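Chemist: Numbering (our numbering), first residue to last: 1 to 315.
Bear in mind the hints are in silico, worked out from the structure with no lab data behind them. Keep in mind it's a predicted model, so treat the numbers as computed, not measured. By construction, the Cβ of each residue, glycine as well, lies at the ideal position given by its N, Cα and C atoms. Incorrect hints may have been included.
[As the list claims (entries may be wrong)] Just the calculated beta-carbon pair ranges, DEER-fashion: (1) Pro225 with Ala312: 23 to 33 Å; (2) Trp217 with Thr92: 24 to 34 Å; (3) Arg59 with Ile228: 16 to 26 Å; (4) Pro225 with Ala56: 18 to 28 Å; (5) Pro225 with Pro17: 38 to 48 Å; (6) Glu85 with Ser303: 22 to 32 Å; (7) Pro77 with Glu306: 22 to 32 Å; (8) Gln283 with Arg80: 50 to 60 Å.
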Amino acid sequence: MQRPHRVVVLVLDGALPLDVGIPTEVFHPETGFPYEVSTCGVMAGTVPSNGGFGYAVPRGLDALADADTIVVPGYAPSGRPIPVEVHEALRTAASQGTRIASICYGAFALADAGLLDGLRATTHWDAAEKLAERHPEITVEPNVLFVDEGAILTSAGAAAGLDLCLHIVRRDLGVSAANEIARGLVTAPYRTGGQAQYLPKTTSTAHGDSLATTREWALTQLDQPLTIAGLAAHARMSPRTFMRRFTEETGSTPLQWILRARVDTARELLESTRLSVDRIAEQVGLGTGSNLRLHFRRLLDVSPSEYRATFAGRS
Numbered sequence: 001m002q003r004p005h006r007v008v009v010l011v012l013d014g015a016l017p018l019d020v021g022i023p024t025e026v027f028h029p030e031t032g033f034p035y036e037v038s039t040c041g042v043m044a045g046t047v048p049s050n051g052g053f054g055y056a057v058p059r060g061l062d063a064l065a066d067a068d069t070i071v072v073p074g075y076a077p078s079g080r081p082i083p084v085e086v087h088e089a090l091r092t093a094a095s096q097g098t099r100i101a102s103i104c105y106g107a108f109a110l111a112d113a114g115l116l117d118g119l120r121a122t123t124h125w126d127a128a129e130k131l132a133e134r135h136p137e138i139t140v141e142p143n144v145l146f147v148d149e150g151a152i153l154t155s156a157g158a159a160a161g162l163d164l165c166l167h168i169v170r171r172d173l174g175v176s177a178a179n180e181i182a183r184g185l186v187t188a189p190y191r192t193g194g195q196a197q198y199l200p201k202t203t204s205t206a207h208g209d210s211l212a213t214t215r216e217w218a219l220t221q222l223d224q225p226l227t228i229a230g231l232a233a234h235a236r237m238s239p240r241t242f243m244r245r246f247t248e249e250t251g252s253t254p255l256q257w258i259l260r261a262r263v264d265t266a267r268e269l270l271e272s273t274r275l276s277v278d279r280i281a282e283q284v285g286l287g288t289g290s291n292l293r294l295h296f297r298r299l300l301d302v303s304p305s306e307y308r309a310t311f312a313g314r315s
């Protein structure tokens, strides 16, 4: 029997409660997927949080040597110094091929350890400028939810950590597994890493989910032609207002969002059915197998058949 994939959450002083909770929930063995999650600190004992309570962690930094994936939650205040032994432990883990991810301000720990040099990275929008100034060798992307650089991943603040962890599940086990975990957590199963953070703007228009109902409706109509006019009519808005509002809420245009939804639905069908590529293309509204192959290659850098060979039956 294959051993579970071991996820270790490194809890540092001042850790943000939501950031700690997200990976422990997503990778919890009770999801039924092959993960094992544990927490550690600089040393075993109680780690003070950023909320007036503490986290009981059973192990110190030695736990990182056993990890397949390390997650570093955010801690406050952002960018404060952390012990040198943390830097050394993270560098050692990275040199051994361990996957390392940060949530929110946790990117500062990775940056101070030198793990982000020459890479793209993100953090909470309110600390992105500080990260860029302190580490000019990093390409900081302040307006995305997460950045995947292979063995090193970073996410924006708070709930963006959920997007990152679900993305990791999709990488490991495919779309069906990530969707099932998302349903259990009662959250949206997919927001692309390139989706914009909800940055404050000098406008009275509030960011939010005013078009959630229309997006949910669109997901049930993927096999049908979907136009801006039709979507705007469903939302009871003018096309111009709909386009602006949709882009503000999702970080992408309606047609980009629909294309990604169609490809993701195709991914799930490739995992869970034996339908032909041509039939799947019809069901998700991409018309022909060649069209599906084109968009699959462009968005995922694999063919549908390669994807199916990797993920079919793994969920």
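Chemist: When the structure is checked against the list of hints, which entries are broken? Sort them ascending.
Modeler: Those not satisfied are hints 2, 3, 4, 6 and 7.
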